[in-house]
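**Student:** From just these sequences and the hints, can you work out the full model?
Chains as they are written, first to last, in my numbering: chain A, 1 to 244; chain B, 1 to 244.
Hints are not guaranteed to be accurate.
[Stated by the list, open to error] For each label pair, taking beta carbons as the anchor points, the in silico distance ranges come out as:
#1 A/179 <-> B/145: 27 to 33 Å
#2 A/64 <-> B/48: 29 to 35 Å
#3 A/57 <-> B/44: 28 to 34 Å
#4 A/223 <-> B/3: 37 to 43 Å
Hints listed in this document are in silico derivations from the structure and should not be mistaken for laboratory results.
Fair warning: this is a prediction, and the values are worked out from it, not measured in the lab.
Think of the CB as a built atom: it goes at the ideal place given N, C-alpha and C, for glycine as much as any other residue.
Spelled out from the first residue to the last, the chains are:
Protein chains: 2
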Amino acid sequence: MQDSFQNLRFVLVNTSQPGNIGGAARAIKNMGFSDLVLVQPEIFPSDRARWRAAGAGDVLKQARVVDSFADAIADCQLVIGTSARERRIPWPLVNPRLCADQVAAEAGDHKIALVFGREDSGLTNEELQRCNLHVHIPTNPDYSSLNLCAAVQVLAYEVRMSLLASTGELKEVEQEWDEPPATSEELENFIQHLEQSMIESGFLDPETPRQTMTRMRRMFSRIRPDQSEVAILRGLLSSFGKKK
Amino acid sequence: MQDSFQNLRFVLVNTSQPGNIGGAARAIKNMGFSDLVLVQPEIFPSDRARWRAAGAGDVLKQARVVDSFADAIADCQLVIGTSARERRIPWPLVNPRLCADQVAAEAGDHKIALVFGREDSGLTNEELQRCNLHVHIPTNPDYSSLNLCAAVQVLAYEVRMSLLASTGELKEVEQEWDEPPATSEELENFIQHLEQSMIESGFLDPETPRQTMTRMRRMFSRIRPDQSEVAILRGLLSSFGKKK
Numbered sequence: 001m002q003d004s005f006q007n008l009r010f011v012l013v014n015t016s017q018p019g020n021i022g023g024a025a026r027a028i029k030n031m032g033f034s035d036l037v038l039v040q041p042e043i044f045p046s047d048r049a050r051w052r053a054a055g056a057g058d059v060l061k062q063a064r065v066v067d068s069f070a071d072a073i074a075d076c077q078l079v080i081g082t083s084a085r086e087r088r089i090p091w092p093l094v095n096p097r098l099c100a101d102q103v104a105a106e107a108g109d110h111k112i113a114l115v116f117g118r119e120d121s122g123l124t125n126e127e128l129q130r131c132n133l134h135v136h137i138p139t140n141p142d143y144s145s146l147n148l149c150a151a152v153q154v155l156a157y158e159v160r161m162s163l164l165a166s167t168g169e170l171k172e173v174e175q176e177w178d179e180p181p182a183t184s185e186e187l188e189n190f191i192q193h194l195e196q197s198m199i200e201s202g203f204l205d206p207e208t209p210r211q212t213m214t215r216m217r218r219m220f221s222r223i224r225p226d227q228s229e230v231a232i233l234r235g236l237l238s239s240f241g242k243k244k
Numbered sequence: 001m002q003d004s005f006q007n008l009r010f011v012l013v014n015t016s017q018p019g020n021i022g023g024a025a026r027a028i029k030n031m032g033f034s035d036l037v038l039v040q041p042e043i044f045p046s047d048r049a050r051w052r053a054a055g056a057g058d059v060l061k062q063a064r065v066v067d068s069f070a071d072a073i074a075d076c077q078l079v080i081g082t083s084a085r086e087r088r089i090p091w092p093l094v095n096p097r098l099c100a101d102q103v104a105a106e107a108g109d110h111k112i113a114l115v116f117g118r119e120d121s122g123l124t125n126e127e128l129q130r131c132n133l134h135v136h137i138p139t140n141p142d143y144s145s146l147n148l149c150a151a152v153q154v155l156a157y158e159v160r161m162s163l164l165a166s167t168g169e170l171k172e173v174e175q176e177w178d179e180p181p182a183t184s185e186e187l188e189n190f191i192q193h194l195e196q197s198m199i200e201s202g203f204l205d206p207e208t209p210r211q212t213m214t215r216m217r218r219m220f221s222r223i224r225p226d227q228s229e230v231a232i233l234r235g236l237l238s239s240f241g242k243k244k
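**Tutor:** Laid out in structure tokens, this is it:
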């Protein structure tokens, strides 16, 4: 599993704003990755990048600076380029989720590069044609230009989700509840207690009950209260019912 | 569909860095949303926010500043708080994907708030207890503190993906290929042409063919070449085979 995280490289090509390098380093580390390669960054290293990287200074420090796109991906067995534009000759193009699933499926065995282009113009056609696969983040068509860090963040997050899912570590609902749910009998006893209290207080006329109890039953069924909640509610009903 | 995008509000509580307000506005607009509410931001409006918002200046301009968390969520029917920490009393807690699915399922009819806390300390327990649901982004346990914009970006992206999926607008593979795939017969004719060329050139000995043709057949089956690619390859074989 750790290998899978180490086998994914993030390549930033000709980044012009140093802050974006720092932000990308942070996003990469936040999602559990560490391999960052910079192809001819305009300014690097820099204070601005260090500041934006926050606690990901180690990723920034280990980042490798190379002279060419070819150097950055030379040892990679799957190269994925981020692409915003329509291409004259279509290339295999997937959305981030399918891209992440493919990376997760291969990252245990293969060295993979995710490549991000320039802030203003992305990757060149020549660079994109060095990629096996293109990935496109489906942004708002009215405002599609995603910040470089945002693109790194979204793809790093997607790959992390796929990797966690592939090992069963991804929990949809993180249910470490402190109390067990009430049983059907406990809930029924509570509902009867509630109805009795409503009648005794004069709120509910048993001759014309309408839908009141059905609505209460529906609400508490939906809530699925836990045992401590039922205990609190029943204590409250008892307290209300006491002769003053 | 457009209603669903308009029914999701992003609430930022006590944001201290104005750049984050701008970055959040950009992330929100990139993903097709527009409703931003700021609860007592430290500095707003600001040049820094405008600069970071880039083309999302309209979202920033329309952002509503309110005095309290209660004001920000008053009209919302589902309130989701982002949470990084373990709570003493557990609250229903989902991952971003399940959160996004729930938002997408409800956003057509209900007003929904996604609430983000302070850069350094998140949401208070009191604020979190005003939420119906908590969402947690499963970051690297060794470096879990996500930048505020990054959290907004990830959740806005996830909700966009769920909304696009719910209307069938999300394509896994964006296949607007320019040429139809080759048929089985076209591929077979090419393979035979290739084999013939290999034999004629002396590369392949038909007496001891080994696995060469099987490997070539496997490769071209896997590639699934389109009709123009097969035509180029066959033209090339013919050209190689010409007597000089």
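**Student:** Sort out which numbered hints this structure fails and list those numbers smallest first.
**Tutor:** 4
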